[in-house]
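Build the full structure now, drawing on both the sequences and the hints.
Residue 34 in this note's numbering sits at position 34 of the sequence shown; the count goes up by one each step and never skips.
I should point out that these hints are in silico values taken from the structure, not numbers from a laboratory.
Just so we're clear, the structure is a prediction, and the values are computed from it rather than from any experiment.
C-beta atoms are modelled at their ideal positions from N, C-alpha and C, and glycine is treated no differently.
Check the hints yourself; a few may be wrong.
To be verified - Below, computed lysine-lysine pairings styled on DSBU-like, alpha-carbon distance capped at 30 Å:
| no. | residue 1 | residue 2 |
| --- | --- | --- |
| 1 | 159 | 86 |
| 2 | 162 | 30 |
| 3 | 86 | 162 |
| 4 | 162 | 144 |
| 5 | 159 | 10 |
| 6 | 144 | 86 |
| 7 | 162 | 10 |
| 8 | 186 | 162 |
| 9 | 30 | 10 |
| 10 | 144 | 30 |
| 11 | 159 | 186 |
| 12 | 159 | 144 |
| 13 | 86 | 30 |
| 14 | 186 | 144 |
| 15 | 10 | 86 |
As the list claims (entries may be wrong) - Simulated DEER-style distance windows between Cβ atoms:
| no. | residue 1 | residue 2 | range |
| --- | --- | --- | --- |
| 16 | 52 | 163 | 16 to 24 Å |
| 17 | 4 | 120 | 19 to 27 Å |
| 18 | 27 | 114 | 19 to 27 Å |
| 19 | 70 | 50 | 33 to 41 Å |
| 20 | 120 | 67 | 19 to 27 Å |
| 21 | 182 | 4 | 20 to 28 Å |
| 22 | 36 | 148 | 37 to 45 Å |
| 23 | 114 | 77 | 32 to 40 Å |
| 24 | 171 | 4 | 39 to 47 Å |
| 25 | 77 | 121 | 36 to 44 Å |
| 26 | 13 | 120 | 42 to 50 Å |
| 27 | 80 | 103 | 20 to 28 Å |
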Amino acid sequence: MSDALAELAKARGWSDEEARQRRAICEIGKLCYSRFYIVGADGNISVRLSDGTILITPAGAMKGFLDPMHLAHIDMQGEVVDGGPKASTERGIHLTCYEERPDIKAVVHAHPPHAVAMTIAGIDLQAPFIPEIIVTIGGIPTAKFGTPGTPELSESIRKIVKCSDTLVMTHHGSVTLGTNLLDAYKKLDMVE
Numbered sequence: 001m002s003d004a005l006a007e008l009a010k011a012r013g014w015s016d017e018e019a020r021q022r023r024a025i026c027e028i029g030k031l032c033y034s035r036f037y038i039v040g041a042d043g044n045i046s047v048r049l050s051d052g053t054i055l056i057t058p059a060g061a062m063k064g065f066l067d068p069m070h071l072a073h074i075d076m077q078g079e080v081v082d083g084g085p086k087a088s089t090e091r092g093i094h095l096t097c098y099e100e101r102p103d104i105k106a107v108v109h110a111h112p113p114h115a116v117a118m119t120i121a122g123i124d125l126q127a128p129f130i131p132e133i134i135v136t137i138g139g140i141p142t143a144k145f146g147t148p149g150t151p152e153l154s155e156s157i158r159k160i161v162k163c164s165d166t167l168v169m170t171h172h173g174s175v176t177l178g179t180n181l182l183d184a185y186k187k188l189d190m191v192e
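Rendered as structure tokens:
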């Protein structure tokens, strides 16, 4: 951890884990932005901390330009726990993933253009187009359309996340789950 981040962590009362994860979310945000998986204020990234709370990108933030001190810190009901910024409007996707999968620690929701185009064209990503991807991450299920930012969206993925670390949402984007942020990002990269 850099000296500047260590000082910020101390001033804010963050644990070492929280400081590292805040920085990691920012780095993954830059990666997603640089690869055009997330543009503008699209998508969102989260990590579950060891205390059960969640760090998540804030509503309306450009993911390529995140700052560790501007992330939202929420509980499993989606409520801000530290007086910080409001969480992403699609926090329900993340909460559903964490509710259904106690084994995962990170979620990346992105809008990878090729994967989204496949859903628009009605192409099933469970088909074995690229054998290496099927062997590595399995088939990529498609969730039915759910209106962004609504409970309908998070419910559309609930059954799928119970048995898959990757999925695409019709006409919307992808959700990848991981044991850590890099694992979730790797799966996003493979989906696209």
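Hints, one by one, checked against the model:
no., hint, in the structure
1, 159 with 86, "27 Å, holds"
2, 162 with 30, "28 Å, holds"
3, 86 with 162, "27 Å, holds"
4, 162 with 144, "16 Å, holds"
5, 159 with 10, "40 Å, violated"
6, 144 with 86, "27 Å, holds"
7, 162 with 10, "37 Å, violated"
8, 186 with 162, "19 Å, holds"
9, 30 with 10, "25 Å, holds"
10, 144 with 30, "29 Å, holds"
11, 159 with 186, "22 Å, holds"
12, 159 with 144, "11 Å, holds"
13, 86 with 30, "20 Å, holds"
14, 186 with 144, "24 Å, holds"
15, 10 with 86, "22 Å, holds"
16, 52 with 163: 16 to 24 Å, "23 Å, holds"
17, 4 with 120: 19 to 27 Å, "43 Å, violated"
18, 27 with 114: 19 to 27 Å, "23 Å, holds"
19, 70 with 50: 33 to 41 Å, "22 Å, violated"
20, 120 with 67: 19 to 27 Å, "34 Å, violated"
21, 182 with 4: 20 to 28 Å, "23 Å, holds"
22, 36 with 148: 37 to 45 Å, "19 Å, violated"
23, 114 with 77: 32 to 40 Å, "35 Å, holds"
24, 171 with 4: 39 to 47 Å, "42 Å, holds"
25, 77 with 121: 36 to 44 Å, "38 Å, holds"
26, 13 with 120: 42 to 50 Å, "45 Å, holds"
27, 80 with 103: 20 to 28 Å, "26 Å, holds"
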